[in-house]
Amino acid sequence: MSETLTKIVVNCETGEQQVLPLTAEEIAQREADAAAFAVAEAERIAAAEAVAAARASGIAKLLALGLTEAEANALVK
Amino acid sequence: MALTYQAIATTTVGSGGASNIEFTSIPQTFTDLVVLLSGRSTRASTDGDNFTLTLNGSTSNFTWRLLYADGSNAASVSGSNNTNPHLSAANQTANTFGNAMVYIPNYAGSNYKSISVDGVSETNATTAYMGLNAVLWSNTAAITSIALGVYHGTGFVQHSTATLYGIKNTV
Numbered sequence: 001m002s003e004t005l006t007k008i009v010v011n012c013e014t015g016e017q018q019v020l021p022l023t024a025e026e027i028a029q030r031e032a033d034a035a036a037f038a039v040a041e042a043e044r045i046a047a048a049e050a051v052a053a054a055r056a057s058g059i060a061k062l063l064a065l066g067l068t069e070a071e072a073n074a075l076v077k
Numbered sequence: 078m079a080l081t082y083q084a085i086a087t088t089t090v091g092s093g094g095a096s097n098i099e100f101t102s103i104p105q106t107f108t109d110l111v112v113l114l115s116g117r118s119t120r121a122s123t124d125g126d127n128f129t130l131t132l133n134g135s136t137s138n139f140t141w142r143l144l145y146a147d148g149s150n151a152a153s154v155s156g157s158n159n160t161n162p163h164l165s166a167a168n169q170t171a172n173t174f175g176n177a178m179v180y181i182p183n184y185a186g187s188n189y190k191s192i193s194v195d196g197v198s199e200t201n202a203t204t205a206y207m208g209l210n211a212v213l214w215s216n217t218a219a220i221t222s223i224a225l226g227v228y229h230g231t232g233f234v235q236h237s238t239a240t241l242y243g244i245k246n247t248v
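Quick mapping for you: the protein sequence lines, in order, are chains V and E. Just so you know, we're using the numbering used here here: the first sequence kicks off at 1 and counts up by one. Just so you know, we're using the numbering used here here: the second sequence kicks off at 78 and counts up by one.
Keep in mind that the hints were calculated from the coordinates and are not lab data. Just so you know, not all the hints are guaranteed correct.
Unchecked claim - Some chain V residues near chain E, calculated using beta-carbon distances under 7 angstroms:
#1 L5
#2 N11
#3 E16
#4 Q18
#5 L20
Since the structure is predicted, the reported quantities are computational estimates derived from the model, not experimental observations. Just so it is clear, CB atoms sit at the ideal spot from N, CA and C, and this is done for glycine as well.
I would like the entire structure built from these sequences, with the hints used as guidance.
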């Protein structure tokens with residue numbers, strides 16, 4: 001990649017293709033998208049970890065009640 | 078054979094790469110649109126990358142449900158940005174490119190746009206992603222431009238290629 005961020009613009013009517021630098025707005029949008037992704041990804045990971053923790057807790061409680069590991073895993077599938 | 082599947086435009090990224098690939102002034106004479114993308118991202122990752130889909134300059138009002146697998150597990154996830162599966166990335170097997178297809182029915186209509194996307198990253202490793210994405214763009218405007226970008230990296234590497242096709246339901 002060159003240091004200047006560029007885009008290829010293809011005009012479907014004329015067939016003309018241009019390589020143009022990204023505008024300041026487009027660069028800002030890219031940065032905003034990256035920030036939004038970081039937030040969404042952190043939320044997704046936290047949610048997945050909460051589900052895994054709840055599952056492990058449920059299995060532990062079932063084992064304490066006397067179920068076998070296979071039975072507990074089947075119930076908390 | 079009836080000509081109902083027509084290449085409208087194609088482009089291949091040159092040396093130096095490109096952050097985005099944009100198709101503008103899309104003719105409104107077809108029934109559906111298809112974009113085929115062979116892409117590799119600059120992202121330094123063995124997980125590949127996703128690509129973004131910008132319609133008429135808009136990155137908002139997208140919602141989606143993605144089914145994906147990574148070679149050992151399968152899962153689904155919802156989202157509300159304009160990301161889609163998948164591209165190869167810089168730390169995956171050299172000189173490999175991911176493949177994706179975007180299908181946009183009734184792109185020139187005045188209803189919300191229901192879009193199907195399938196894509197795979199390509200790498201000679203245990204972990205490689207594939208995904209099917211059901212996308213809704215809640216916008217009634219006819220689609221006149223489509224821009225493709227990479228989600229994590231700074232852009233597409235050289236030799237990435239995108240082609241826009243038009244589909245007609247009659248000759």
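How the hints compare with the structure:
1. Here the hint on V/L5 is kept, as its CB sits about 4 angstroms from the closest CB of chain E, short of 7 angstroms.
2. Hint on V/N11 holds. Least Cβ distance to chain E is approximately 5 angstroms, under the 7 angstroms limit.
3. For V/E16, the interface hint is violated, since its Cβ never comes within 7 angstroms of a Cβ in chain E; the closest pair sits about 10 angstroms apart.
4. Interface hint status for V/Q18: violated, as the beta-carbon distance to the closest one in chain E is roughly 9 angstroms, over 7 angstroms.
5. The interface hint given for V/L20 is broken, as the beta carbon of that residue sits about 9 angstroms from the closest beta carbon of chain E, more than 7 angstroms.
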